[in-house]
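K.L.:
Chains as they are written, first to last, in our numbering: chain A, 545 to 974; chain B, 545 to 974.
Please note that the accuracy of each hint is not assured.
[Unchecked claim] Which residues of chain B face chain A? A few of them, derived with a C-beta cut under 8 Å, are:
#, residue
1, Q584
2, V585
3, A801
4, H804
5, V807
6, P848
7, G856
8, I867
9, G871
10, G916
[Unchecked claim] Ranges between beta-carbon positions, derived for each pair:
#, chain 1, residue 1, chain 2, residue 2, range
11, A, T696, B, S654, 22 to 32 Å
12, A, T696, B, E945, 33 to 43 Å
13, B, P710, A, R711, 50 to 60 Å
14, A, Q644, B, G871, 55 to 65 Å
15, A, A667, B, R592, 28 to 38 Å
16, A, G762, B, F740, 29 to 39 Å
17, A, A604, B, E822, 47 to 57 Å
18, B, G699, A, G916, 51 to 61 Å
19, A, R786, B, F740, 24 to 34 Å
Since the hints were derived computationally from the structure, they do not count as laboratory data. The beta-carbon is built from N, C-alpha and C at its ideal position, and this holds for glycine as well.
One letter stands for each residue in the lines below.
There are 2 protein chains.
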Amino acid sequence: MSLRAAVVVTGTEVLTGIISDANGPWVSQKLRELGATVAQVSVVGDRRDDLRAVLEFLAAQQVDLIVTSGGLGPTADDLTAEVVADFTGRNMALDEALEQRIWTILERLSRGMRGVDEQAMRAGNRKQAIIPEGADILEPVGTAPGLVVQSTQPGRPTVIVLPGPPRELQPMWREALNTEAVRSVLARAEPLERRFMRLFGIPEAELARSLRELEGTGISFDGLEVTTCLRRGEIEIATLFRLQAAETYRSFAAALAARHGDVLFSPDGKTVDDKVAELLSDRSIATAESCTGGMLAARLTDRPGSSAYVFGGLVVYANEAKIALAGVPPELLADHGAVSVQVAGALADAARTRFDAAVGVGITGVAGPGGGSENKPVGTVCLSAALEGRRIDRTVRLPGERAMIRERSTTVAMHMVRRLLEGHDDVPGR
Amino acid sequence: MSLRAAVVVTGTEVLTGIISDANGPWVSQKLRELGATVAQVSVVGDRRDDLRAVLEFLAAQQVDLIVTSGGLGPTADDLTAEVVADFTGRNMALDEALEQRIWTILERLSRGMRGVDEQAMRAGNRKQAIIPEGADILEPVGTAPGLVVQSTQPGRPTVIVLPGPPRELQPMWREALNTEAVRSVLARAEPLERRFMRLFGIPEAELARSLRELEGTGISFDGLEVTTCLRRGEIEIATLFRLQAAETYRSFAAALAARHGDVLFSPDGKTVDDKVAELLSDRSIATAESCTGGMLAARLTDRPGSSAYVFGGLVVYANEAKIALAGVPPELLADHGAVSVQVAGALADAARTRFDAAVGVGITGVAGPGGGSENKPVGTVCLSAALEGRRIDRTVRLPGERAMIRERSTTVAMHMVRRLLEGHDDVPGR
Chain A
545 MSLRAAVVVT
555 GTEVLTGIIS
565 DANGPWVSQK
575 LRELGATVAQ
585 VSVVGDRRDD
595 LRAVLEFLAA
605 QQVDLIVTSG
615 GLGPTADDLT
625 AEVVADFTGR
635 NMALDEALEQ
645 RIWTILERLS
655 RGMRGVDEQA
665 MRAGNRKQAI
675 IPEGADILEP
685 VGTAPGLVVQ
695 STQPGRPTVI
705 VLPGPPRELQ
715 PMWREALNTE
725 AVRSVLARAE
735 PLERRFMRLF
745 GIPEAELARS
755 LRELEGTGIS
765 FDGLEVTTCL
775 RRGEIEIATL
785 FRLQAAETYR
795 SFAAALAARH
805 GDVLFSPDGK
815 TVDDKVAELL
825 SDRSIATAES
835 CTGGMLAARL
845 TDRPGSSAYV
855 FGGLVVYANE
865 AKIALAGVPP
875 ELLADHGAVS
885 VQVAGALADA
895 ARTRFDAAVG
905 VGITGVAGPG
915 GGSENKPVGT
925 VCLSAALEGR
935 RIDRTVRLPG
945 ERAMIRERST
955 TVAMHMVRRL
965 LEGHDDVPGR
Chain B
545 MSLRAAVVVT
555 GTEVLTGIIS
565 DANGPWVSQK
575 LRELGATVAQ
585 VSVVGDRRDD
595 LRAVLEFLAA
605 QQVDLIVTSG
615 GLGPTADDLT
625 AEVVADFTGR
635 NMALDEALEQ
645 RIWTILERLS
655 RGMRGVDEQA
665 MRAGNRKQAI
675 IPEGADILEP
685 VGTAPGLVVQ
695 STQPGRPTVI
705 VLPGPPRELQ
715 PMWREALNTE
725 AVRSVLARAE
735 PLERRFMRLF
745 GIPEAELARS
755 LRELEGTGIS
765 FDGLEVTTCL
775 RRGEIEIATL
785 FRLQAAETYR
795 SFAAALAARH
805 GDVLFSPDGK
815 TVDDKVAELL
825 SDRSIATAES
835 CTGGMLAARL
845 TDRPGSSAYV
855 FGGLVVYANE
865 AKIALAGVPP
875 ELLADHGAVS
885 VQVAGALADA
895 ARTRFDAAVG
905 VGITGVAGPG
915 GGSENKPVGT
925 VCLSAALEGR
935 RIDRTVRLPG
945 ERAMIRERST
955 TVAMHMVRRL
965 LEGHDDVPGR
């Protein structure tokens, strides 16, 4: 059993890098989970010949299933349906019932809009309802219908034609999977399980060495496709495997936990944001930030429902603000400098008392590019997380540039809050 | 004169969507600016046959220049150099001087690292120094050298081989442009100018109609490649043109300014963040945010040097915090609700007074998904920007989901601050 698939993203804006493509990676992941081997993801412009050429190339590469995104709009340079009809050996024909259904959507959308050109809208509507004969229609989420088109010649790829906007493409992809045409192709593949683990406090190179050593000790990774990647200062391990390798995955995960239990904070894929939200539940939190300038508060309030436990925060960027708003003693600033564990601690305490919150977090650091010194180079960040009677203080040196230093500081803070709420007095690892 | 180019990104992690590719769009933009027509950007896995097949496909498509990224590491599945040698008809050979230069880098990088396997490092080092005979070497920024490889057969594409990490690829790309081999290919194309304009307060559909009408009035767009795209709630117009069309671009820009001068805030491509930073210069700013939870403060402090004018901010998510920290009168909350221009105004004033700042900004809104009502549905955001004696208040209904509503709120706030500092009492447009 094996299934080769490919993704073709169309659109000059995407090709020229003006807008970034989210569909290629998304569809590719979904195809992989369904057990397909993804041969390639191609981005082509809105040019008939280029699109046709890449489809023929993929057919020659023994690809069984092609997913396209984009090129389904109402204008003449939206030519995916037409090119796919040609590629699959089908004629284009007007589907009048579809034309009517799209019109109903267009009427609803244009209600109350000024200066609507009804004639142009009718023409675009008709164009979108002209589709390859015999294709399955995926009902529009926006105004463009998607298609599933089987080739009239045996052995040639089946094509799933989806619109470009991700919020349309994603539900229509799910609809495509329910068509008989796609099911019959997917029957050639065996779906894969995907599991995640997350670690914090271990360098990627050290984990890579550890994985090599685990293999050396006779633990079999057979049937596991393991990928590690660095995200926001954490390591994510993604593993794909067929159902029959589930036991192997359990051994692998157990061996990893035995070796790195201290830094493996998420054996089940939960993010630190999930964990902190769960741990807070009925406890409240407040922040006092200098170098991160509100990013930690923004991260905490990212989640729907966070108003239940986030009371608020102070952004005390200027030293005057640290004194006036957070009540940091001027002597503390003078004696230890604004970037010090002492000041971070005072900020955490201020966050707790000012907002009457259970947990307070303080962050102060040198985000750069200026402001570094020999003792406190760019990337030096002092953090403090405090509860009634207990606290964790930490100084870290973060790599990268300003934006990365600021983002990673919030990740360190989240882990300090997690550990504090789990009842610990430190964050393991480096 | 015409030059066809293509980009091939290699790497299973990129292909399967685990990490997102920044190189394809980046190189594609650069190629376009050099005047090339980009035929396609392809992502392929670390499989010899797939990479070779896509290179042959591009050669058959009359592509003159191919840029690859990735697959230059020290391990066996890094096979780009080898496949490209084959494709260009060249043998692989060890470059001993290069091997030595890479070793010097590796020695420096591994200094102080624990458990370094010198034998493995030597083997990887040698592998990276085995390159196609006669290729130009692009000196490593990390440890991997890049290559410029001309085909031994006339009429076949020249290949620029670059490593995957963007911080290595980008400087090495610039080095590649200086090689004689690349220069001779680029001589077939004419470089393009790229200009940006930005608008705020006009729907994309309305601008599209306006551009069509401009063409109807006899203004020629000949030689201009105009793209519009929505970014963070603003519209960006990117235009590419050859130098001889510079006059056409000036007329186009002038016609657009005559029609949309009220909402065309940036005729020169400056962002609203640039403008606000310039306008603030020696004036200070502070914020008081509810629904954006610190995102505006974070956006303002994104910029290096922002400590000169950002004093700080309050995140007053809970009503208790609005009262206690920002001094919002409880009656105001009771009478008008937390999401009201009255409360936004009180927050802006509190930001000014609490931080002793020249400009204060207040934001309060319903970011969703919960909390909406008939009168104040999700997306309703009230904002206020205040200076001594002058202010702009605004209520907007923003589209999209929580994250988008929060981000767009910060964009609206930035434009209110810009207009206030420019001496106006409103923000034009919708």
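K.L.:
None of the hints should be skipped; say for each whether it holds.
P.N.:
Each hint tested on the structure:
1. Q584: Cβ of Q584 (chain B) sits 5 Å from chain A, so the hint holds.
2. V585: Holds, about 4 Å.
3. A801: With a minimum Cβ separation of about 21 Å from chain A (threshold 8 Å), the hint on A801 (chain B) is violated.
4. H804: This hint is violated: H804 (chain B) lies away from chain A, its Cβ roughly 15 Å from the closest one there, beyond 8 Å.
5. V807: violated (16 Å)
6. P848: Result: holds, 5 Å to nearest chain A Cβ.
7. G856: holds (4 Å)
8. I867: Check failed: Cβ of I867 (chain B) comes no nearer than 11 Å to chain A, outside 8 Å.
9. G871: Because about 12 Å separates G871 (chain B) from the closest Cβ in chain A, which is outside the 8 Å limit, the hint is violated.
10. G916: At 12 Å from the nearest chain A Cβ, G916 (chain B) fails the 8 Å test, so the hint is violated.
11. A:T696 - B:S654: 22 to 32 Å: Since the Cβ atoms of T696 (chain A) and S654 (chain B) sit about 59 Å apart, the hinted range of 22 to 32 Å is violated.
12. A:T696 - B:E945: 33 to 43 Å: holds (42 Å)
13. B:P710 - A:R711: 50 to 60 Å: violated (28 Å)
14. A:Q644 - B:G871: 55 to 65 Å: Holds, since Q644 (chain A) and G871 (chain B) (Cβ atoms, about 59 Å apart) stay within the stated range.
15. A:A667 - B:R592: 28 to 38 Å: violated (48 Å)
16. A:G762 - B:F740: 29 to 39 Å: violated (59 Å)
17. A:A604 - B:E822: 47 to 57 Å: At roughly 55 Å between Cβ atoms, E822 (chain B) and A604 (chain A) fall inside 47 to 57 Å, so the hint holds.
18. B:G699 - A:G916: 51 to 61 Å: 53 Å Cβ-Cβ, so the 51 to 61 Å window holds.
19. A:R786 - B:F740: 24 to 34 Å: Since the Cβ atoms of R786 (chain A) and F740 (chain B) sit about 49 Å apart, the hinted range of 24 to 34 Å is violated.
In summary, the numbered hints that this structure violates are 3, 4, 5, 8, 9, 10, 11, 13, 15, 16, 19.
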